[in-house]
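Participant: The primary structure of each chain is shown beneath.
Protein chains: 2
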Amino acid sequence: MFRAAQVFTRSCLTITKVKAAPKKIYTVRFEPSGLKTEVPEGTSLLEAARKVGVYVSSICGGDGYCGKCKVTVDEGQYQSKPTTLLTPEEVRENVVLACQTRILSDINVTVPKTHALETDQILTEADTVRFSRLTGEALEDGFAFAPLVRKIFLQMNRPTVKDYTADHERLNLAVRQNLEITTPVLQMGYRILQELPYMLQRTDYKVTATVACRGGAAEIVQLEAGDTSGTNYAAAVDLGTTTVVIHLVNLTTGGTIDTEAAYNSQISFGEDYIRRIIYAEENDAFDEMQNRILHDVNSLIVTLAERHHVNLQDITAVVCAGNTAMMHFLLNIDPRRIRREPYVATAAFIPPVRAAEVGIQINKRGLLYCLPSVAAYVGSDIVAGILVTRLNTRDNLSLFVDIGTNGEVALGNRHWMMCASSSAGPAFEGSGVKHGMRAGTGAIEKLQILPDGSCDYQTIGDTPAAGICGSGLLDTISELLINGIIDRTGRFAQKDGARLSQGEEGSQYTLVPAHDSHEAIVITQPDINNLIRSKAGVFAAIKLLMDATQKRPEDLDAIFLAGGFGNYLNVEKAVTIGMLPDVPPEKIHFVGNTSIAGAKTVLLSRQAQIAAEQIASGMTYTDLMSHPKYMEEFVKAKFLPHTNLSLFPSHRLATG
Amino acid sequence: MFRAAQVFTRSCLTITKVKAAPKKIYTVRFEPSGLKTEVPEGTSLLEAARKVGVYVSSICGGDGYCGKCKVTVDEGQYQSKPTTLLTPEEVRENVVLACQTRILSDINVTVPKTHALETDQILTEADTVRFSRLTGEALEDGFAFAPLVRKIFLQMNRPTVKDYTADHERLNLAVRQNLEITTPVLQMGYRILQELPYMLQRTDYKVTATVACRGGAAEIVQLEAGDTSGTNYAAAVDLGTTTVVIHLVNLTTGGTIDTEAAYNSQISFGEDYIRRIIYAEENDAFDEMQNRILHDVNSLIVTLAERHHVNLQDITAVVCAGNTAMMHFLLNIDPRRIRREPYVATAAFIPPVRAAEVGIQINKRGLLYCLPSVAAYVGSDIVAGILVTRLNTRDNLSLFVDIGTNGEVALGNRHWMMCASSSAGPAFEGSGVKHGMRAGTGAIEKLQILPDGSCDYQTIGDTPAAGICGSGLLDTISELLINGIIDRTGRFAQKDGARLSQGEEGSQYTLVPAHDSHEAIVITQPDINNLIRSKAGVFAAIKLLMDATQKRPEDLDAIFLAGGFGNYLNVEKAVTIGMLPDVPPEKIHFVGNTSIAGAKTVLLSRQAQIAAEQIASGMTYTDLMSHPKYMEEFVKAKFLPHTNLSLFPSHRLATG
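Chains as they are written, first to last, in our numbering: chain X, 20 to 675; chain L, 20 to 675.
Extracted from the complex, chain X is given alone in its bound form:
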């Protein structure tokens, strides 16, 4: 059964079977951007959107079951597979699932604003107020300032009969004296060696050498005339599944010049990386996957460089942190076995390579260094988090929790560290939740249910509520529980009430009633179930690590919570719903984006680079998928806060 709309008859819906016609080329126009593209007959609207770069949300990666890729056909002929994910009203208004709709003529499509990408609110160095102190500490009590790539101005003497040292050794000697390097001969490109004598003579032996650390050895990657040591820049990159965050860093001063962020444009191939791997595998699209992420990284770098009049040739290094799959996509190394038993990465420690070789458009001999990962499901973003929270150097026990598409957990101190990843799902990033959204403009980031059942809330940007981000969802579940609207299993306590109603997906609670052009923002039973599954996954991971090491919540000196929740995360709520162990709120530190902070620390300190490598190789990974008790703990954690209330002694207080 197929659904088709006739040209110029927007409201005419006749269900017919359209016969296959010879493939023609049609123009697709997307509103409100006005972007156009030409595609062969039969192309899906989602593919057309991807082709032209129009962002259409798609969690399932185009499989037709997430229902996120709704668009409206304004004009034109198409063919849609039937779906239960559209209401009769939507069908009447020519709303279609972009992934399930094939183009049969020139066509005009409107993409609703809910898909729109907003980068202004993406966390760059979130909650830096609380976090900076930690980072500051870290840098103070350890890592010396020694950037991965340095420019050193060398004022050498011209050779004389008495001082006959050859040009190359003269340069090496000067660099070694400056950097206290003991290697006898630094690596140097053949072409640089060939140009060396002319460069030295032209500049009267006054040159700036760009020296990079590469795999334990130092390399002279560039020589410039005169003193250019003040113009040495680098990019620290957090390569998230959802967002790409870049800091442009001045390597001379160590200061951050500016930051930029964008959505990872691989999103249209699936919102989590497992979907993307499947998509790329089925469509032989690993090159495309790499091109997407390269495009994001390059665009952000160019934007920052242009804004600050930085020459791309003066950007000499890129340091990346992110999950293991994203690193594989960036380098286009095979990620397929990440999703298949025995869940193995191609590389956890990626050897430093030339950024240009990978396709990052900085100085052609500049370096790309990726922080090391621990395992297929514990990436270098977690290593970065450990690095900046200094979990690995603390005498006392700490817990690090990063909530993203997955929930990664690390537990330990300076003697040992364990980590695990729960397939939490991206609920707290707003995916899989009817009105969930990322921490962008209009997202509810704080919420309280008042005695009358109405909600007091705050949105990012103080604009009308468009949806709910992570911190808002944490508040919502917590408030629903505290106010007895849901029970400890997450089920609505009643069938009806002032704000309780029956929606298509069962019971739902209205957080923000419909007003003007805005539809009501509700939280549905499936939403709650998804969120509880997420938190249960995280908690089960924590519990198993703590049980394995015979630790109890009172043994924890600190919990570091990282992730893209939104800036006003109330850490107590994470305990209330049973996501984090029951420790006093002052022990919980929301540390924001530790991935970018770690990338930057490594960029600025060779010591930190070594520390990151030690963290990654010294951490014990526990595979939960094969853990005999994981399912049991997961099921137990699906109560609010937990089946076993003795684990949450403060629960009574909170609900009291």
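Quick caveat, the hints were computed from the structure, so don't treat them as lab data.
A portion of the hints provided could be inaccurate.
Identical copies go unnamed one by one, so any copy, or any two together, can satisfy a pair.
Simulated pairs of lysine to any residue, SDA-like, Cα-Cα distance not exceeding 20 angstroms [unchecked claim]:
hint	residue 1	residue 2
1	K383	G208
2	K383	R210
3	K181	H646
4	K70	T46
5	K181	S645
From a predicted model like this one, the values you see are computed outputs, not experimental measurements.
Given chain X, put chain L in place with the hints provided.
Facilitator: Quick look at chain L alone, frame taken from chain X:
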């Protein structure tokens, strides 16, 4: 004044001035090779010969004053500058100096056999009988077998859920365990990383890794399926000014498979490297200079590889030793300042580069490692010599003397080392001597003057005498002195005698009378003067180093004499003529080609590589050109054996 010959009138010599005509293209044919080339009108015969690859001897590099480039014009029109270097008989027979003769028509030229290159007798590992013991010692008491590039067969386990180490780390770990490398991450090319998972899965994790040492770091340069560890080869190269010697080495066993040698085809641009630098500078021919030497190296490698069915891709390293200028030519790095005050090289320590990048056609990621030099005039061939004679590790004082185009001298023990280079000139290599020749077929390598004034001699290959090589020249001077035919200044004691006659260059002594088609082989007064200048330069260098360190001949425990003299060098004669200090003959060891031996030692032992670098950086170079006493010592050493006979107490005995 110009000399021209009319077409078809070989014997017609009319001296006329030929008017410049529009440039035409003429065919030049060289006999006996039959090689032909086309050149524009006015091209010199020497240029034409170079173009087509016909070897025409030329010491002066084409300046018209060495007289070595004589050829005979059989047919055709030409224009020659007048010269005193041709006899009237030669002029009558259309013999011309190739460098001074311009082509004015199609022309046929015969290149005399005396120019012919013979490679069969070039020293490869000369006098290995005496030398091998030394090298053997050296390898026994120190250098562990650890080739610069190794192939290691790795049998890794497939990953499992319990053993989830990523492919890249699995490989790194396996390599590190095998090689006892402590670096956490080995360098590896991006493309190899991309191919890694497919390679490992295809081979069930059984691969051979090719690991190279590069600038203090290790690098995986190649991965091959299965066990290929038995097919790992390398070339050790002695890049001499005159000859290029190559040993094909099995890196798995350390054994030498075979050796090949050829003349350095840069010779046609000048027989010493200073001439070649001047030529290249004046003609912008540094690329051509590199191409020549690359051609020699590549041809020899291909010859050896084909002969032994070795795939060029399985040759993974090339290690070179040679003088500083030759290294510059090979890498095409600027050698011009080597010949100008303050006599500075571009690089003495050349960083390891990919051989393919330079133009050596082995495995595309194979390494080229050049042994380090000490200074512009003390090259890595001398470092190689020190390495294999172990001068640098001996408690007692030793002297190392290498006689080639220049004479380099090193003095020292395990506490200190000094070195110097004398511009000895290539007389003992046969250049600048009327009947001098290299140690090839027909060269007189041993000579004794009998009481009747006739000579008893031995030639290489037992063929009729064609000339005299280094060891023969040493014998000749020594015998002339002992028999009172020349006095201590080197002048002939009489004007006439049985074998003494007046030639064009003054007095000359007939060593081998003319017979059949062979002209007489004589030694002339200028020859003797050149040879005495050579030996005086070497001795002055030795004397200055010994004086500077207050050492006397009796302090010397050993003298190591290296060079391309010929295989039957009588070391006592070197004392008789005053080239070496007066020590008992048993202390003098002729060690042959230590340059190739050192290159091979470094190729086979990472320890030796480090030792070579320590030798090069630990040696004190004395510049004789600016030394206030060099000229004085040189003049004193121009007597046979020396002005000061007290330096040669055994002299009376020898002449007695």
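Participant: With reference to the structure, classify each hint as holding or not holding.
Facilitator: Here is how each hint holds up against the structure:
no., hint, verdict
1, K383 with G208, "both (12 angstroms within a copy, 16 angstroms between copies)"
2, K383 with R210, "both (13 angstroms within a copy, 17 angstroms between copies)"
3, K181 with H646, "between (71 angstroms within a copy, 11 angstroms between copies)"
4, K70 with T46, "within (12 angstroms within a copy, 63 angstroms between copies)"
5, K181 with S645, "between (71 angstroms within a copy, 9 angstroms between copies)"
Taken one by one, the earlier hints all hold for this structure without exception.
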